[in-house]
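Asker: Required output: the full structure, derived from the provided sequences and hints.
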Amino acid sequence: MSDLQSVSLPGYVRALNRALHAEMAADDSVFVIGEDVRVGASGVTAGLVPQFGTERVLDTPLSEQSFTSFGTGAAMVGRRPVIEFQISSLLYLVFEQIVNQAHKFSLMTGGQVHVPVTYMVSGSGSRCGWAGQHSDSPYSLLAHAGIKTLVPSRPEDAYGLLRSAVRDPDPVAVFAPSALMEAADVADSGEEEVVPLGEANVLREGDDLTVVAVGQHVGTALEVAESLADQVEVEVIDPRTVYPFDWQRLGKSVNKTGRLVVIDDSNRMCGLGAEIIATAAEEFDLLAPPKRVSRPDGAVIPYALALDQELVSGTERLTKAIRAALM
Amino acid sequence: MKLIREFEERCLEMAIAGEIIGGIHPYIGQEAVAVGVCSNLTERDFITSTHRGHGHVLAKGADPRRLLAELLGTLEGFNKGRGGSMHAADIELGILGANGIVGAGGAIGTGAAWVAKDRGSSDVVISFFGDGAMSQGVLLEAFNLAAIWSLPVLFVCENNMYATSLKVESGLAGNAARRAEGFGLVARTVDGMDVESVASTAGELIERCRENKGPAFLECSTYRFFEHHSILEQLGVGFRDPDEIASWRKRDPILSLGKQLSDAAVAEIDEDVKGKIDEAVDFARNAAPPDPKDALMYLYSGEVAVRPGVIL
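Chain order of the listed sequences is A and B.
Quick note: the first sequence uses this note's numbering, first residue 1, plus one each step.
Quick note: the second sequence uses this note's numbering, first residue 1001, plus one each step.
What the hints contain is simulated information worked out from the structure, not anything from laboratory work.
In this text the structure is predicted, and so the values were computed from the model without any measurement.
All the pointers check out, no bait thrown in.
Quick partial rundown of chain A residues pointing at chain B, CB under 10 Å, derived from the structure:
| id | residue |
| --- | --- |
| 1 | Glu55 |
| 2 | Ser66 |
| 3 | Ala74 |
| 4 | Asn100 |
| 5 | Gln101 |
| 6 | Met108 |
| 7 | Gly110 |
| 8 | His114 |
| 9 | Pro116 |
| 10 | Asp168 |
Note that CB positions come from ideal geometry on N, CA and C, so glycine has one too.
Answerer: Below, the structure written as structure tokens:
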């Protein structure tokens, strides 16, 4: 693999980059398209051009709507596009093209055609100082619409899930949280395992309380679980795929612990946490009311750092929620 | 053209009677555009169509029996009753779908055109849309993409002068063809009521596409004889001046072409078409309905299980 340019990338980005190299090498129908993908401005597509040429790595004009549906058209006639969105809020521009076009063709054509597109959302969530239009994590919206939606929390999952996304016959969105992409201390394990969609990962076992954590909050949850280890045994579940969600794994855990806290980077109202808690309330054996740690309803991230950080949850709020759920 | 006309007239009756549940957007009057353009295509070429798509789909060679079966929501339809009028697609024939969102097919077709070019084939994509789509940003973005990448796509604007009820002069600043030229597309405007003129001009532009000379734009001046959607006929709501409709009806492309043929030839075509449509109606009416428990079948390609949405 001639990815010399990617050696210096942060671990999480490097894992995504390795996955793209691997899928492009494995399948000639895969191509990458998006803004600044040839130079690899986000790092995710670094080094692809020297290996695969400009015919398979297409720089687009700033025309998100057309290049998203361009991907749909290419996918309908046999190719596997990976479209990179360097800013998660760009998904708002292309909701029609993803949700109303790409997603619906399989059903609307009675299964005549599939749309195997991957939406690689590099840099989701707060970027500390990038303000309102560059700081959202809109994975709940895509999950609500029925788009297969992944939020890997570890480099090995980023690698393995992105590979599964590219191979999947349907549209799949992969959200790479900024907090993980920019973290220098997250190491790429170099693992080569493909991670199937729809399988949660239990990162820490415990009998007293289940924490479901998504994306960068998996790290938060593991840190809090460790800090409370002398008082409570917390089980930490990373769903990895937020849609379709691994309800079976969650049920097994909640039926064991009887208590549930969810932490994720969605806005509270109609966010992913709401769905997890509603399902748990309907279907699992809870001993106490579950708790959610989320952004506030309808949040817009302000510019000033103190205001930004106020709206992004962390260890303190999760600890509080865990204590409340234990009452 | 006669096949499209007869098909649509039957559909209009069946829609007004409530047999075609979602109604239709009648294409009657615009037949020369679909037939003129598609007469230059092979089965390997692709089209993207519009919410007013029956004409394009039939002109590309789709079986009228299966199209009508789709409109009646049956398993024998192209889309197994999941798509209906606005989503009719026959992928094997290169019909990448009629589309319920105005202007949406242009960018999808551009992606297919890139694949055709990348394969080294001489296949082309025709993207049909109406004058209303010229105000959709995504379509203008698609013109730009197709032009900078020199893709084999012919954008066909069927200027029928109305976007639902909005007159073209109230919705389109400037001129459609001049706009396309602004993106570097070769653009022509033809009389969309004259099938030979459409066929020959489309033929020249399609040949350019096949020779890898980049995308092109064809504006066809045309008119729909009926209202935007069958529900308006059902309700008796009309937005247009009856004199205007009458004057365009005098230029009916089928009558014009018929004048060049002998009465015997016209009678033979009419009879042949009527037989085909009668057969389609019988076929569609006898087709099997889908099983309600399969309502979300085909939502995903693989094994993803959909949770029930109603808790009993």
